[in-house]
Structures are given as C-alpha cells and as structure tokens.
Amino acid sequence: MSNTTSDDSLITTEVQADSNDDSAAPAAGTAVAARNLNVYYGDEQAIDDVTMEIPEERVTALIGPSGCGKSTFLRCINRMNDMIEICRVEGDVEFGGKNVYDADVDPVALRRKIGMVFQKPNPFPKSIRDNVAYGLKIQGFDGDIDERVEESLKGAALWDEVKDQLDSSGLELSGGQQQRLCIARAIAPDPEVILMDEPTSALDPVAASKIEDLIDDLAEEYTVIIVTHNMQQAARISDRTAVFLTGGELVEYDDTAKIFEDPEAQRVEDYITGKFG
Amino acid sequence: MATDNANANGFGEVSRVRGIVFEYLSLGASVFGLVALGVLLVYVAIDAFDLANASPEWLLTYFLTLVVPFLAFCLYSASDPTVTRRALGALGGGLVAVAALFTAIEALVVPIPRLNWQLAYLFVVAAPVTAYLAYVGSGGRVGAVGFGLLGRLVGGAAVGLAVGTLFLVFDPLLWFLAYTLGVLPAVGLYAFGRRRSTPRARTAAAPVGLGGLVAAVFLREVIPTYPSDLIIYLWTVAVPVAVAGALLVADRRGRVAAAAVGGVPLAAATAGGFLAPGAGLPSPTVLLVLVSIGVPTAVYVSRVVDAGEGLAGLGLPLLLAAGAVLGALIVGALGFPAPDPWLDGSFLTAAPSRTPSDAGLYPAIVGSVIIIALVAVLSFALGVGTSVFLEEYTPGTGPLGTLTRILQVNIANLAAVPSVVYGLLGLGLFANLLGLGIGTAVTAALTLSLLILPITIISAQEAIRSVPDDLRRGSDAMGATRWQTTKNVVLPEAMPGILTGTILALGRAIGETAPLIMIGAATTVFRAPDSLFSRFSAMPMQIYTWAGFPQADFRYGVVAAGVITLLLILVGMNGTAILLRNRAERGS
Ligand SMILES: Nc1ncnc2c1ncn2[C@@H]1O[C@H](COP(=O)(O)OP(=O)(O)O)[C@@H](O)[C@H]1O
Ligand SMILES: [Mg+2]
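Those sequence lines, one after another, are chains R and H.
Counting from 1, position 163 in the first sequence corresponds to residue 163 in this note's numbering; the numbering is continuous, with no gaps.
To get this note's numbering, take the position in the second sequence, counting from 1, and add 277.
Since the hints were derived computationally from the structure, they do not count as laboratory data.
You may find that some hints are simply not true.
What the hints assert, rightly or not - Far from chain H by the CB rule (all over 12 Å, computed), these chain R residues:
hint : residue
1    : Asp130
2    : Asp262
3    : Arg267
Said to hold, decoys possible - Reference listing, derived: stretches of chain R covered by chain H, where coverage requires no fewer than 3 residues with Cβ under 8 Å from a Cβ of chain H:
hint : stretch
4    : 51-59
5    : 115-121
6    : 132-138
7    : 204-213
8    : 218-225
Said to hold, decoys possible - Below 25 Å or equal to it, Euclidean Cα-Cα: the simulated BS3-like pairs (lysine-lysine) are:
hint : chain 1 : residue 1 : chain 2 : residue 2
9    : H       : Lys764    : R       : Lys154
10   : H       : Lys764    : R       : Lys98
11   : R       : Lys163    : R       : Lys137
12   : R       : Lys98     : R       : Lys163
13   : R       : Lys120    : R       : Lys98
14   : H       : Lys764    : R       : Lys275
15   : R       : Lys154    : R       : Lys98
16   : R       : Lys126    : R       : Lys210
17   : H       : Lys764    : R       : Lys126
18   : R       : Lys154    : R       : Lys137
19   : R       : Lys210    : R       : Lys120
20   : R       : Lys98     : R       : Lys126
Heads up, the beta-carbon is just placed ideally off N, CA and C, and yes, glycines get one too.
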C-alpha cells in the first residue's frame, strides 16, 4: 500500500471497524492457542516466539507485510509445514486442548478436523460434486453424500449457481466460484476450524466481496483464521486481528477495532497507516 | 539491416532471412522423410495386395462402387460447397496431371517398376483426397455418427479377436473359477455398497475378491468337470459385457431400451456361437467377436437415436458393405482379371510354409499379441509404480534421497542401453536363472518389459511431475493420506501423459527383434503358442526369416503382407491406447 492512499484507507477501515464492535465482544472458548512458537526454515527463523489464543467461532485476521510468517503460522496449525523438509517447529500449538506437535498426534487425522483454503483457487480436476464430496470420500463418510454436497454448496453460497451442473468440471467455474467451491470442499467434512491464506488476493473485487460476506456467515459455525494483506478486508470481516512484522514477530494482537483505531505499538500504527510494508 | 534504413521508411526492417532459411530447411527435411516413407509403404502395399496385377477395369469397378460412394458420404456430411468443389477439382485435375506426368516420365526418363498411372493416381491423389474428406466429413454430425459406428464395428471385432487370442494362452477354466468366485462377488458387493451407501460392503469387496481368486487357483485342479468353453465365455464375458451395456443405457432410456441393447447382441452372439461349428469356425471366438461388436454398437446406436441427430450416418457401414458386394458381383460377372493378394484371410489364419502361396502368419500374430498384452500390463504397472514411488514417496534429502538420485541417473542411462544387451540380460536372468525357459513367451514378455521400462518410468515421472503442487496440497490439507492423494488426484491428472509414454514405448517393443533372437525365440513356429511357456515366434522375427528365403515370392509378396499386417496391428493397438488416453483426458 502506498503512502498517498493510506490515509483514506485508514478512515474507511475505522468506519468499518466500528460496525464490528458488537460481535467482537465477549470471546467464547479458545479454539487454537500457540505457546512460545518458533519456526525455522533451515537456519532462517520465520516465526519468533509467538504466543496467542484464537477464540472459537470468531474471525481472526493475521496481517503483516509479506514474508513476515503469516502463512507459516497458519500452516503450523494443521501441520502442513510437515511437508516442507527443511522446516522445524519448536513450541506448542494447542487445538482441542491437545498440542498438535505431540508425538501421538497423527497429522492426517488432525487435518480432517481443520479445513484450509488457499490463495489460488485449487479445485480438483473433477466434477463439482466430486470436489465437494472429496473429504467425505477419503474419510469413509457413510451418510448421504448428495445431501452433504448440497448443504456445503449452500454454506458456500454457491448452490444456486451450480445446482444444475453438479456433474460438470469444477475447472469450468469462474475464479470466484472456484474459490467458493474450495470453501465448500473445506466445510463439507464439517471441520472445527477453517484456515484461509489470502483467499481473495487472486480474485476481482466483486468476487472478493462475495467471499468476504461468506466468511461472515461461516463464523457463526466455524472458527475462521484468515491471512490477508488487505487491511480494509481485515477490518471489515474480522473480530480479532494479529499484526505480524518482519522476522515473524507477533507485535500486537487485540480486538480488530482496537488495532485499527488505537494500536499500542508505534510500529503497528506505522504499518496500518501505510508508512511501511 | 535494422539500422541501415531506419529513417528511410518509418520503422525500417528487421532481417528474417535466417528464420526463413531454417523454416524451409526443416520443412524440406520432414517432407523428404515422409515422402520416402510414403513411397516405401506404397510399394509394400502394392506387393502385399498384388495390385500390380490388378486390371484397370478391376480398379475402376471398386473405385466406383466403394470409393466414390464413400467420398459422396463425406461430402454430404460436410455439406460445404467449397469443399465439394475443391475435392472434385483435385480428383479431376489430379487425374490429368498424374496421367500426363507418369506417361512423360515413363517415355522420357525411366520406366517406373510395378506401377501404372492408375495405381499412381490411386495412391497420390485418391488416397490423400479420401483421407482429407474423411477428416472433413467426420466434422459433420452425419459423418461423426458414421465413423463412430464404423469404429465400434472394427474396434469391437479387434478387441474380440484379441481377447480370443489371449484365451489361447490363459487357462479359460481358471478364469471361469476366478470370475465366478472372485470377480463377480467382489463387483456385486461393491455395487451393492454404492447403491445402498453401505461402506462396509464396499470395503469388503476387495478381500472377498482376493479370497475368491485364491480359492480359484486351489480349486482348479480339484474340480473334475467343467462346462464347455462356449458356456464359460458366455457366462464370464458375454453376459457381463451385455449387462454393462444395458446399465449404460438404462439411466437415460429406461428398461425396455436397456433390455434390447443388452439382450439383442447377446442373443445374436449366443446363436452365432452355437452355429459357428457348422460353418467350420471356432465357436468361442465367434461368440467373443459378436458380443464385443454387438454391445458397443447397440449402445452407440441407442445413444444416436436418442440424440436424434445425424441418423443418416448409421447407414455408412451398410453403404460400404453394399459397395464391396456390388463390386465383387460386377467383377465376377464381367470376368475382370483380379489381383491375387498375398495378404488375405488364409495368410492371417495359416501357419508358415515352405511354399509362398501357403505361407501364413497366424502363429506369429498370436505370439506377438500375447507378448504385447503382457508387456503392456507389466510395463504399465511397474512403470507407474516406480515413478509414483520416485516422485511422491521418496524425500529429497537424507540417505533415501541420495539413493533416489542414484536410481534416477541409472534409469536415465538404462534407457540408452542397446536392446541386444537387454536380450542377453533376459537370457541370463529369466531364461536361465529363473528357469522360465529359452524362447518362451513369458521370457520374451519380461525381457521386452524390462527393455521399455526406463522409457515408461521416465515419461510417467514427467507426467506426474507436471501435476501442479497446488492440487497435492489441496488434497493433503483435506486430510488425505499420501496414498489417497496419489490415487485420487495425482494419478488421474497424470494418466493421459503416462498413457502417451506407454504407447510410444509399446510401439518400440512390438517391433523389436534383436532381444528376441538373444533369448532364443524361434524364427518360425508352426503352431500358435498355447501356454505362456510354449515356444513362440513374433511377427518381426517371422518377417525377417522370410526376407532371407531364396524364392522371390517370399521376399516380395509374403514379406510385404507381413509388414502390412504388423503395421495394421500396431496402428490398431495405438489407436485403442489413444482412445483410452483421450477418454482419460476428457474424464478429468
Ligand atoms: N517453503 C519454504 N522454504 C524456505 N523458506 C520459506 C518457505 N516458506 C516460507 N519461507 C520463508 O519464511 C518466511 C515467512 O514466509 P511466509 O510465511 O510465506 O510469509 P507471509 O505469508 O507472511 O508472506 C519468509 O522469509 C520466507 O522466505
Ligand atoms: Mg503468505
């Protein structure tokens, strides 16, 4: 974000942030908690001693300049970092009262409880129905798959657009529809937490705003943790905001309204007013 | 040069000479190669079908009854006046040009051996125009239907014959038990599980099937009497194929149509099977061929009728058959001298002989088909397995990573090892060490599989590597195991590429002779192999042997007929594989 537009954006975010005040009020239980989390890629440290508690059934936004470790933090929660050979994690990530890095945790089983949506829509080259049913099938779900597919597509606000073409390929949809298909895919197995890594940054503004509306609805049932580099977006949709800065340091973590109106740290204020980042 | 006259005319010019020279040189090289190959094939075809002895009247008759109606069909399907005008122009103008040029060359330069201008016209003008019009015609609805139907008839016959050939070697009785005890219950359980959404039935399918297969192997020697071959094929092949066809139709067109699509071909095939011995034909083969032609054809016709478009195309096979019969009648009635082709029914069904006119390729065809089927299965399974292991399962670092890299380099080098060396390996490893026998079909199949394995692995790896990582991460994040991700996402996406590589590799395997000589394959066998451990010969071996015979009839006629047969089988095999690949591509 450049300096010239940053003042406007701060103003709009303030207005937006106000409207979120009520929902940000008393936090429910804790869905995910990081304790003294350090992550290294080889010798390079990507997360620096982060401790934070993420509330249930709320939208928590992770913001910060690129390369500050937001995606890395997100991947720690469902242990997708295990796939990166040089990645080393120290500290705890608690999910459902259990440290997911304990030796007796099966990362595959863990991921079945946590949905993930990526930056670039990545539907499988299969039919829309098979895309949504994917998680159910690999988990050996024995209920009515078609019913679940319909429910999930409705939950992702996509049902009306695709209900007549469930057998056509998911790749035939537009970018925004593909991303909503990925959300439907993620919620179909009914996870507890949904992780989203910049889910709108590859989309046009109209498609992005549909996804933002959707995230609002999702928070009624799921814990949503969303990485974004778009500060207005964080202000509009999240209840809590965590600001990471270079080096993987969690500088400030508070109610969204507080972060955007009256941040404690000068560095955070500089960042959200666009003085750097 | 670019800068010289930059000011003279606006932007100036940039030299493209080198690009143009390169373009025409490469065009020239490929055209030269294709023309050389084309001329060779023309001569081989002329020899194989004895066209040099075809009278002009004979050629004209068949041209009028067979080729002209076919061209008219294509033009009707294309229904494009420009195409029609151009085609007629090419046929007419080509006639004049070829006749004039041919006579001129014969008179002024050199006499052209074993060709007359009519044949030259046929190959230089008529054949390309026909191919072009077939291509254009297949774009229209009518043409698409016509060729679709024709393809199912020809393809069905080929598949039926191939399956029949495989049963010469694989024990039908064992298959009967395996099907009844293993395959049928497993498929039944799986289908039941899907329909009723009971995953337990679905997961039980695999163990039940496996148990059935094991039981079949044990019971094979215990059970004293079996039904006749015809009943076995009816029960294990014809009925399931008919049921599958009926199920395909049932969804859209209801029960009556489904029953007709499954029942009519099944009844016809059964009747054909029981009547065949009367006509001196092997009844199981007749049954298999009829059912593998009938069911796909019926399904296709029912679909076309359902869509209601291009119905006229269904007449194409009839048009061609009528043309052939009419041509034969005219030739017979007017007594036109006809050629006596080397490549005829008896060439395909007879055993080799010392007299050229009796010589046949049958045992070698059977040998080749069996070996190729085995090689296809083995190299596909091993190639996919190895490449999945190398690409998806091994880490990039650590001792296992180093091992993988060493393997990788070795596989690349193995692809360049001469085939004679593989022959030696096959002789030492399979024939002697493992005792599979010198010159047996199974030794040959294993040797050839090993020979093409590096190519299959490398191309499969390439295909797997080209699957975007996004998809893998998407599947992993859903909580899929490595195996689930590989099976559900990576392999389906990579399958077209894997199949392309396998097709190319198989094309190489079918034509190999050197490794077969090394493992002691017979140059000539007089009986088709009847087990995996019997001595066999393959088409290239037999052709090579014939080429060394002293009689000229062998070196020209019989060898040519063999080459054409080999090429046709190769094209048929590749065509099937390409169809499969396109299916896989469309599926994903
Ligand atoms: N797969 C990886 N291998 C090595 N270094 C990585 C990898 N992924 C991220 N990093 C490094 O970790 C740091 C944080 O990256 P990331 O979590 O992607 O940041 P963000 O999502 O905030 O842009 C960066 O310095 C980046 O270079
Ligand atoms: Mg990122």
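Here is how each hint holds up against the structure:
1. Asp130: violated (9 Å)
2. Asp262: holds (36 Å)
3. Arg267: holds (32 Å)
4. 51-59: With 0 residues close enough to chain H, the hint is violated.
5. 115-121: holds (count 4)
6. 132-138: It holds: at least three residues are needed, and the stretch 132-138 of chain R offers 4 whose Cβ sits within less than 8 Å of chain H.
7. 204-213: Coverage by chain H is violated here, the residue count being 0 at a Cβ distance below 8 Å.
8. 218-225: violated (count 0)
9. Lys764(H) to Lys154(R): violated (28 Å)
10. Lys764(H) to Lys98(R): violated (31 Å)
11. Lys163(R) to Lys137(R): Distance ~20 Å between lysine 163(R) and lysine 137(R) Cα, so the pair holds.
12. Lys98(R) to Lys163(R): violated (39 Å)
13. Lys120(R) to Lys98(R): Violated. Lysine 120(R) to lysine 98(R) sits at ~31 Å, over the 25 Å cutoff.
14. Lys764(H) to Lys275(R): violated (49 Å)
15. Lys154(R) to Lys98(R): Violated - the C-alpha atoms of lysine 98(R) and lysine 154(R) are around 32 Å apart, more than 25 Å.
16. Lys126(R) to Lys210(R): holds (24 Å)
17. Lys764(H) to Lys126(R): holds (13 Å)
18. Lys154(R) to Lys137(R): Status holds; Cα separation ~19 Å.
19. Lys210(R) to Lys120(R): holds (16 Å)
20. Lys98(R) to Lys126(R): Answer violated: lysine 98(R) to lysine 126(R) is near 35 Å, above 25 Å.
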